[in-house]
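Let the hints inform the model, and build the full structure from the sequences given.
So the sequences go chain by chain: A and B. Residues 1 to 84 (our numbering) are what the first sequence spells out, left to right. Residues 85 to 676 (our numbering) are what the second sequence spells out, left to right.
What the hints contain is simulated information worked out from the structure, not anything from laboratory work. Backbone N, C-alpha and C fix where the C-beta goes; we use that ideal spot for every residue, glycine too.
Not the full set, but computed from the structure, chain A residues with beta-carbon under 7 Å of chain B:
no., residue
1, Met1
2, Thr31
3, Pro36
4, Thr37
5, Thr38
6, Pro39
7, Pro44
8, Glu47
9, Arg79
10, Ala81
Ranges between beta-carbon positions, derived for each pair:
no., chain 1, residue 1, chain 2, residue 2, range
11, A, Ala43, B, Gly466, 55 to 61 Å
12, A, Gln27, B, Thr629, 33 to 39 Å
13, B, Gly149, A, Phe22, 55 to 61 Å
14, B, Gly149, A, Phe20, 49 to 55 Å
15, A, Phe22, B, Ala136, 43 to 49 Å
Calculated from the model, a selection of chain A residues having no Cβ within reach of chain B, i.e. all distances over 10 Å:
no., residue
16, Phe20
17, Pro25
18, Val52
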Amino acid sequence: MRVGVQFTGSLAPNQTQRWFTFNWPQQWHVTWYMMPTTPRSGAPELEWEVGVERADPQHITYWLTVHNLTNQTINFEGRYAVLN
Amino acid sequence: MSPSGTDRIHNSRPPTPPGSDVPIGRRELVVIAAPDAGLQALASGVRSDAGAETTSLNAVLARHGALMRPLFGLSEHRLRANVAGAVTSDLVPDGMPALERFYHVDAADDRLETMAAELLEHPLVEAAYVKPAGALPVAVVEEIIAAAPLNDMVPAPGDAPPATPDFTARQGYVDAAPGGIDARYAWTVPGGSGAGVRVIDCEWGWRFSHEDLLQNQGGVVAGTSSTDTNHGTAVLGEISGDRNGLGIIGIAPDAVISASSFNDQPTAQAIRAAADRLGPGDIILLEIHRPGPRTPNPPQGQLGFIAIEWWPDDFAAIRYAVNKGIVVVEAAGNGFQNLDDPIYSQRPVGFPASWLNPFNVANPSSGAVMVGAGAPPPNTHGQNWGPDRSRLDFSNYGARVDAQGWGREVTSTGYGDLQGGMNADLWYTDRFSGTSSASPIVVGAIACAQGVLRAQGRIPLSPARARDLLRSTGSIQQDAPGRPATQRIGNRPNLRQLIAAATQTAAPWTGVQFTGSVPASQTQCWFTFNWPAHWHVLWTVVPTTPRPGAPQVKWKVKVERATDQFATYWICVTNLTNQPVAIEGRYAVLGW
Chain A
1 MRVGVQFTGS
11 LAPNQTQRWF
21 TFNWPQQWHV
31 TWYMMPTTPR
41 SGAPELEWEV
51 GVERADPQHI
61 TYWLTVHNLT
71 NQTINFEGRY
81 AVLN
Chain B
85 MSPSGTDRIH
95 NSRPPTPPGS
105 DVPIGRRELV
115 VIAAPDAGLQ
125 ALASGVRSDA
135 GAETTSLNAV
145 LARHGALMRP
155 LFGLSEHRLR
165 ANVAGAVTSD
175 LVPDGMPALE
185 RFYHVDAADD
195 RLETMAAELL
205 EHPLVEAAYV
215 KPAGALPVAV
225 VEEIIAAAPL
235 NDMVPAPGDA
245 PPATPDFTAR
255 QGYVDAAPGG
265 IDARYAWTVP
275 GGSGAGVRVI
285 DCEWGWRFSH
295 EDLLQNQGGV
305 VAGTSSTDTN
315 HGTAVLGEIS
325 GDRNGLGIIG
335 IAPDAVISAS
345 SFNDQPTAQA
355 IRAAADRLGP
365 GDIILLEIHR
375 PGPRTPNPPQ
385 GQLGFIAIEW
395 WPDDFAAIRY
405 AVNKGIVVVE
415 AAGNGFQNLD
425 DPIYSQRPVG
435 FPASWLNPFN
445 VANPSSGAVM
455 VGAGAPPPNT
465 HGQNWGPDRS
475 RLDFSNYGAR
485 VDAQGWGREV
495 TSTGYGDLQG
505 GMNADLWYTD
515 RFSGTSSASP
525 IVVGAIACAQ
535 GVLRAQGRIP
545 LSPARARDLL
555 RSTGSIQQDA
565 PGRPATQRIG
575 NRPNLRQLIA
585 AATQTAAPWT
595 GVQFTGSVPA
605 SQTQCWFTFN
615 WPAHWHVLWT
625 VVPTTPRPGA
635 PQVKWKVKVE
645 RATDQFATYW
655 ICVTNLTNQP
665 VAIEGRYAVL
675 GW
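Given below as structure tokens:
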């Protein structure tokens with residue numbers, strides 16, 4: 001088990017944007033989640049979806065679509081955990 | 085007082101107060117545009133993208149021969165548009181103005197107050213205030229406030245020897261805790277010398293040509309250096325002096341140190357420029373304080389000077405950096421001030437209505453690590469400044485202050501009282517002091533911890549986590565006569581403890597956070613709060629009502645950064661069936 005921050009990003013108010021990250025060994029069990037670094041209390045700031053591509057037999061590309069739910073620019077971390 | 089061979093270049097600015105010999109900044113007129121003004125400052129004048137009338141605003145500027153320009157350096161459109169890049173426009177707490185609404189007004193110093201009052205009356209202006217000139221947190225007038233002077237050192241006469249001796253034995257602050265911060269221990273840990281960490285010091289002038297500052301340095305990356313360089317040179321040496329067997333050694337000698345200058349940039353712009361050159365886990369040091377509401381008129385040295393986050397534009401600039409994951413370290417100031425005094429909650433005329441006193445820990449925070457000045461161990465360099473780790477008399481204090489460093493007897497590069505001569509590149513000091521000398525010690529400690537985390541492939545400390553660990557580890561503040569530890573300046577870092585806490589791991593654990601029921605074909609959301617934001621948390625939902633043959637629920641996780649320290653998770657569960665379903669919300673904490 002190990003965790004990390006793969007990327008940092010920024011989204012304009014109500015913006016949705018997609019990031020991709022490639023060359024992840026296919027045998028790794030990876031989960032993805034986002035964490036804002038812009039405090040804004042009272043309501044959710046971000047939601048996300050994960051798409052996945054088997055780029056070749058050995059490697060996986062993850063596509064991360066992140067949506068800013070607020071009317072303010074939000075900075076965030078794209079976090080991952082390798083579970084095995 | 086000035087060392088021979090250096091020049092003062094601030095002859096167009098207000099004179100330096102008696103008793104100090106350091107660069108001071110300009111006073112600044114800051115304007116915050118109304119939210120819907122849509123202002124754009126051009127060379128030809130100010131116009132409104134929203135179609136508002138700007139003739140009267142331009143008339144005020146013209147009458148005073150003034151020019152209004154975006155405070156944060158980039159045009160309003162670039163600040164708004166470059167959201168996906170390094171520059172973002174409104175990374176400030178709720179209610180605080182976005183960066184593109186801040187303007188700097190260039191005008192003659194004697195017109196600033198009049199202009200601020202006139203601009204404040206204009207409907208397109210939300211706020212207009214004059215910031216007092218910033219200064220290095222170094223000098224006080226001893227006859228008024230009975231403090232020994234700070235940083236009045238002069239170079240020793242005579243030539244420096246052919247080879248500079250090893251002064252590291254005089255650097256007690258790198259020694260074992262509690263007297264020092266135990267940097268010597270950190271150096272034995274992979275990465276513990278700050279490898280891979282970048283630091284930018286924001287102040288006025290530096291001597292990057294010094295013989296002990298030649299490695300791991302990036303020079304002045306924004307603005308231009310003042311020719312008054314002793315203070316900045318001493319700061320550089322404390323943090324990142326070379327490991328070369330001569331002179332001094334920095335606490336984090338492998339960290340790469342650069343500089344952003346207040347000499348020719350508004351302070352907020354210099355901070356933003358530094359932030360745009362750094363990434364998560366890197367460090368910005370703010371070596372500045374300025375006169376606050378308790379500063380007497382006429383000024384008495386630096387009595388009443390306070391940390392700069394109190395001013396809205398500097399707060400916004402710090403917040404901009406912190407939101408990028410950069411640890412900002414800020415001198416608390418040498419103003420003899422209790423920052424918990426209610427006077428600091430009184431909103432000055434011209435500040436925006438949304439302003440809240442950032443020294444009140446119940447209010448939104450800048451997120452910076454604030455550093456006070458503590459006494460070194462008695463008999464350091466033969467001097468006694470009170471009990472070890474007690475608050476030095478000049479140091480500001482209060483609940484807002486996070487940590488302390490040595491505020492006296494700091495051996496470093498510059499000034500020349502320890503080793504002088506004709507060549508300033510060979511100067512060393514034994515007496516660097518103030519919250520000026522204290523703050524780099526905390527910067528160095530953070531850099532060592534960040535280097536260890538990087539060497540282990542771990543996530544660097546976020547600004548909030550750095551503050552938490554500095555408060556929860558270290559050597560505790562001591563009482564001194566008339567200066568009890570309740571006058572908080574926090575703990576002195578102890579790198580043996582800090583590194584252990586920063587690198588601590590825990591086996592993943594799981595649990596059920598909530599149970600509930602979702603009506604047929606409905607979506608229902610739960611929220612759960614006060615989760616440490618540095619934890620990596622995974623959420624799943626399972627039904628507890630058996631119903632074989634088809635999926636019963638799906639869920640979506642949303643996240644809110646409620647504060648720098650804590651996250652709130654929102655778990656929205658959709659019932660895919662035509663019957664109510666009982667569920668449990670499960671979590672797994674995967675690490676940090």
